[in-house]
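K.L.:
Work from the hints to combine the two standalone chains into their complex.
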Amino acid sequence: SQTIHQWPATLVQPVGSPLSLECTVEGTSNPNLYWYRQAAGRGLQLLFYSVGIGQISSEVPQNLSASRPQDRQFILSSKKLLLSDSGFYLCAWSFRDTQYFGPGTRLTVL
Amino acid sequence: AQSVTQPDIHITVSEGASLELRCNYSYGATPYLFWYVQSPGQGLQLLLKYFSGDTLVQGIKGFEAEFKRSQSSFNLRKPSVHWSDAAEYFCAVGVGGGGADGLTFGKGTHLIIQP
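Just so you know, the protein sequences line up as chains Z and L, in that order. Here the first sequence stands for residues 401 to 510, where the numbers follow the numbering used here. Here the second sequence stands for residues 1428 to 1542, where the numbers follow the numbering used here.
Only chain L is shown next, with the shape it has when bound in the complex (with noise of 0.2 angstroms):
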């Protein structure tokens, strides 16, 4: 079965600053890949996606990420937060291949942005 580690819980980051969430996961064949964000109270907004193809995947926000296979790590990362963007960052992995499977999150990391 597949898994999802975020390692971090808690990030702080200040306005204008660099972001980087870390994603491994584990699964025995090419997973799809997934971050979505929540803010409080509200459901998961998808940010981006990773099926095939270029490693680099670019998403709503001005957020991108980056798959690794040698490191099964999908981190996400921007290169100047706002405040806006204070909220759970959620990284999932799917089965894919047009079946029903549901996906498989990790815990969850959540950003702080300092002024």
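Bound-form chain Z, shown alone (with noise of 0.2 angstroms):
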């Protein structure tokens, strides 16, 4: 069966630092894989997804960048983190057109 992964659970970061989210995906190949943030208080909004390695779409303008340099593999990262990257991010992988989740990484940009 297909398991997701995501590390960190949890990490608190000081602004201006740089970031680096892991998300891994087993039991399936050649995914579509996404990123999702969840902000307080508002539902889950697109910020990347990707149909392979190295092809990455960017659904919303910002201070974030995603990679895929592995089948399985799918990295959120910054090089300046601001208060606004906040929030708890989630990624996900496709079969037949439904998403299953990861169990996600809460941010805390301090």
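These aren't lab readings, by the way, just hints derived from the structure by calculation. Note that the structure is predicted; figures quoted are calculated from it, not measured. Idealized CB from N, CA, C, for every residue including glycine. Hints are supplied without guarantee of correctness; some may be wrong.
Part of the chain L face toward chain Z, derived, beta carbon under 10 angstroms [to be verified]:
| hint | residue |
| --- | --- |
| 1 | Val1431 |
| 2 | Leu1471 |
| 3 | Gln1472 |
| 4 | Trp1510 |
| 5 | Leu1530 |
| 6 | Gly1533 |
| 7 | Lys1534 |
P.N.:
Written as structure tokens, this is what we have:
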């Protein structure tokens, strides 16, 4: 069966510091992968999606970037974090038009 | 572009009572519709989905949802709630068709269960 992992589970970072969140999927090959952000009191916002290695589409211009160095690995990065980057970050993969989510990373920027 | 509205931010239901969570969508074609549940600090778990066919769909944990095209709605129901159903519920719409597009989510409904 397929499993999706995210780490770290929680992260507290100062403003201006870099960021790297990792997502990996097991049990499938060439999945579509997604990064969402969930800010307090709001729904989920799609940030990036990827249909293959090195192929990244951005949905919202912002302080973040994404990369897919391997088939089942999706990384969310930032060079300098802003306070507004705080939130709950969710990675997802899709199979037959259905998306399945990872456990998430809680990011607090101070 | 598609959109999703969940009109109820919070709903309080007594344990054992029935539940209905509302979801309205806006999309030009037949959408792919989903309900997800999120417990505090956790990821999203898929409850059920509608792509086509029978407009009443059954999901996990005793939930069901009905697609009503005329009302652009996809309301979630459960005949008898349990304390463990307390969580955040999200309705989402997708374009489908095998593309890579992400989902558009509503802002969620927070379900509180009273003993």
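K.L.:
Each of the hints needs a verdict: does it hold here or not?
P.N.:
To see whether the hints hold, each was checked on the structure:
no., hint, in the structure
1, Val1431, "8 angstroms, holds"
2, Leu1471, "4 angstroms, holds"
3, Gln1472, "8 angstroms, holds"
4, Trp1510, "23 angstroms, violated"
5, Leu1530, "6 angstroms, holds"
6, Gly1533, "6 angstroms, holds"
7, Lys1534, "4 angstroms, holds"
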